[in-house]
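J.: Residue strings, one per chain:
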Amino acid sequence: MTDPTPLASPVNEANIDAPANAVSSAKTVTPMQLGFLGWLRWFWRQLTSMRIALLLLLLLALASIPGSILPQRGAAPLKVKEYLATHETLGPILDRFGLFDVFAAPWFAAVYLLLFISLTGCVLPRSLQHMRTARARPPAAPRNLSRLPLHRAFETEPTEQANSTISDAESYLKRKRWRVDVDHDGHWVAAEKGHLREVGNLLFHIALLCLLVAVGVGNLFGFKGQVIVREGHGFSNQVTQYDTFSAGRLVDASSLPPFSVRLDDFSASYETEGSQKGAPREFSATATVIDEPGSKPRTEEIEVNAPLVTNGTKVFLLGHGYAPHFVITDKRGQVVFDDSVVFLPQDGNFTSTGVIKAPDSIPQLGFQGVFTPTAPVDSSQGPRSIFPASEDPAVFLAGYKGDLGLDTGTAQSVYSLDTTNLTQVGLKALRPGESWVLPNGLGTLKFTGVIEYGSFVVARDPGKEAALVAMMAAIGGLVLSLFVRRRRMWVRVSATGDGRTLVEVAGLARAEAPGLGVEVDELAEHLQMASAASVRVLVEESGGDSDEESVVGHEPPSSGADAAELDLSQST
Amino acid sequence: MNVSGSQTLVQYSNALVYAAMIAYAAAMVAFAASFAARREPTAAAVEAEATQRSQSVGAVATISPPTVHAKTDRVSQPGDRAANIAMSLTWLATLSLLGGVVLRGVWAGRAPWGNMYEFSITAALAVSVVFLTMSVRTDVRWLGLFIVAPVLLTLGLAVTVLYNDTAQLVPALKSYWLLIHVSAAVISGGAFTVGAAFTTLYLIKSRVEDREAAGVDPGRWSGVAQRVPSATRLDTLAYRTFVFVFPLWTFAVVAGAIWAENAWGRYWGWDPKETWAFITWVVFAGYLHARATAGWSGRRAAIIALVGFGCFLFNYFGVNIWITGLHSYAGR
Ligand code: HEM
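As you go down the protein sequences, you meet chains A and B in turn. Under my numbering, the first residue of the first sequence carries the number 1, and numbering increases by one thereafter. Under my numbering, the first residue of the second sequence carries the number 573, and numbering increases by one thereafter.
In case anyone wonders, no lab produced these hints; they're calculated from the structure. Using N, Cα and C, we set each Cβ at its ideal position, and we do this for glycine too. Take the hints with a grain of salt, since some may be wrong.
[Said to hold, decoys possible] Computed cross-link-like contacts, DSS-like style, restricted to lysine-lysine with a CA-CA straight-line distance of at most 25 Å: (1) B:Lys845 x A:Lys446; (2) B:Lys845 x A:Lys224; (3) A:Lys79 x B:Lys845.
[As the list claims (entries may be wrong)] Label-pair restraints from in silico Cβ distances: (4) B:Gly882 x A:Gly38: 37 to 43 Å; (5) B:Leu751 x A:Thr240: 37 to 43 Å; (6) A:Thr299 x B:Val678: 32 to 38 Å; (7) B:Asn736 x A:Leu427: 36 to 42 Å; (8) B:Asn736 x A:Thr353: 57 to 63 Å; (9) B:Arg792 x A:Lys176: 32 to 38 Å.
The following block holds chain A by itself, in its conformation from the complex (with noise of 0.2 Å):
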């Protein structure tokens, strides 16, 4: 580059190290004089503009807020299907922009990806310019250090005293870590410090990009799954072992950590009285794990807050719920259902519904159920339970007999009864131990009792610990890039008239840097004690030296000649 200057850099009255030209590089070009390449950079400078980041950060907040509002296919798949069913018209409109998957559509990446390729293109050159001038010496003092905004100066007595106040100086000011300058002449030191805040800039951007890496990482090689089991039951970590199943590009879904979990116990307590009467307060599911066919099984407790680990996967516990156990006997005597069957809670306290299908008996028998662990004592209101632990289990069944329909191939669900080839034969409700005789001699159903069962979430994500470290430092160069602040410290002696010698200390900040004042005061403080002898103390002049006075975002009080001295990005 033969232009020092980053391709795009913030332009800000406030930017010591804001190139003067930046403003005018970006606007002396009109794309239409130029050809392709031209109108490339064009595009490139625009791209890499910081009106541009600000404009595609505000983008990117408002881009995120229809995935606030509307249902999201990952998060809750069903709430989209009734979505679209109840606006019939708006619906399929958002669909077709994605408007259901905010967060995978092609115009949220978009966004995202701009902005992230503005990050780069701004980023990097501005800090590449920053590590050369970091090298580079501290600029000369001004030629009239007064008008820098904080000075301070004192006169002291003899002539000689001026070489020892300059290496005075020069050794304070590198034991407080300043890099230093000093003239040939022993005139002057030049101090400079506050590097670290565009390491913290360049540190903080470049772990966002870091984080955009490690999201991806685990987008493609991660992969999750969701599974319900029931008490006594278990699965292996394979595909078909899952209720859900979802897996990055680059996973092979053949070779998954080969582990597997039985649920040995459920236990859940809640709220028993108040009116939060019925809010869970304790699930626990106690689980036997075998890490590896053939390795030892170990007994493990998994919580809310406390998964599983196995293999470099976790188990989580999501939800519970009740599955009732029914033994269905048919008209010929034979036992064709003996199994307990998943009901999904409707509501807090657990009212539940599902499905049992004995197609092996003859006729086919289906039942739908609400399942209810502590019943109403008056039902009137319909089967609703009152409390989710199981004090008072009942089962409410509506009984089919005919077609269920499994033969015709295409899948059903497990949890609904295609009613149209069935015709209903009664309706019963039952406490654990109580049968029904159903009527015409189809048989019987006992509803023997009920054990709980727990739905867990088996994820792996490989990029985790890497957004973790991203982001440990993308908060630490923020702090850098916040607190850090660059700043100048001049010390100049020289001669007066009569013979004695004139001291100055100055300070300069490009943005506000409350402390700098204080420094600039502990300089001349600590020069003048040096110096002890006979001090005198010359114009105090305050400048944005209080908390008070200091300013953001504003020049220091320079005018004309000084200017080009006072602009920190002058580096010598």
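Got chain A; can you put chain B with the ligand on it based on the hints?
T.: Only chain B with the ligand this time, still in chain A's reference frame:
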């Protein structure tokens, strides 16, 4: 949990919260009186005083330690007495509120952040603490009215609409990440509020200043503008507040992500609460950018900051009330 001994604890906690409200109300009256009496010295007056001071120092003098602190330079103001009373009352109220929040935690046997009532009293506490911390080093008494009023409003909402007397948490909230995540978020909330107060006043003041400079009638806001520091100063204060809060908010979001990973198996799932935390974060990043962008510093940046604060508030109230998600602490 509902043994009678612990019931008294929660009663003490409530009493302290009510006491705090009374003290805040009194402080608000005193702040209002002080604010009404205030006149910010005009720029010319400040300059005159400064010249006078430097002349009295003279060209040559004995060494006076060149320490300059904000408060020593303060120009005395009409209304100072009322402001001092108001500050004392605010300290008192805040201590009482602190007691209320702590007792609440002791009663529940956990961090007092399990439902919206508890969040609200803690948020009110955070706003006051941020304000008082600031007041130790800088004279921000003139801001008191704009701090105490929203604090009182929040407490009022908390004790009436949001009150909730359960000690126990839903299982998803049982995690020490709750402590870390929520404390960072609550302190951020306090600082966001203080920053938003500065920013609002900045917008008013800078408009009035511009109109005055243009010789136009400054309009009906000049009454407020006369009583607050210069636009530049307000802008600085707002910036400092947001610069403090941005990394903290970033941390709060990250801590939330860690917690989510622990509880739900993914660190980020675009749940509405997460989405709005992200939006708030991005908007404030936009604010910091705007300050470094030509033509966007000043009023436009200030408006972006207020939009960011709006997003923060929406996340706290709006999402809890209107949008359902996994973050189930809203209480039933
Ligand atoms: C993912 C999107 C981005 C986020 C969240 C973000 C966030 C931030 C934040 C919070 C700051 C203030 C902290 C500091 O001063 O270091 C900042 C500063 C800065 N950003 Fe970004 N940024 C993003 C993208 C960009 C892009 C695309 C550019 C370039 C066009 C850019 C250029 C800068 C520059 C130059 C500064 C320093 C401003 C100053 O000196 O005060 N950033 N950014």
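J.: Does each hint hold? Answer for all of them.
T.: Hint check results:
1. B:Lys845 x A:Lys446: violated, 46 Å
2. B:Lys845 x A:Lys224: holds, 22 Å
3. A:Lys79 x B:Lys845: holds, 18 Å
4. B:Gly882 x A:Gly38: 37 to 43 Å: holds, 42 Å
5. B:Leu751 x A:Thr240: 37 to 43 Å: Holds, at about 41 Å.
6. A:Thr299 x B:Val678: 32 to 38 Å: holds, 36 Å
7. B:Asn736 x A:Leu427: 36 to 42 Å: holds, 40 Å
8. B:Asn736 x A:Thr353: 57 to 63 Å: violated, 31 Å
9. B:Arg792 x A:Lys176: 32 to 38 Å: violated, 51 Å
Taken one by one, the earlier hints fail for this structure at numbers 1, 8, 9, listed in ascending order.
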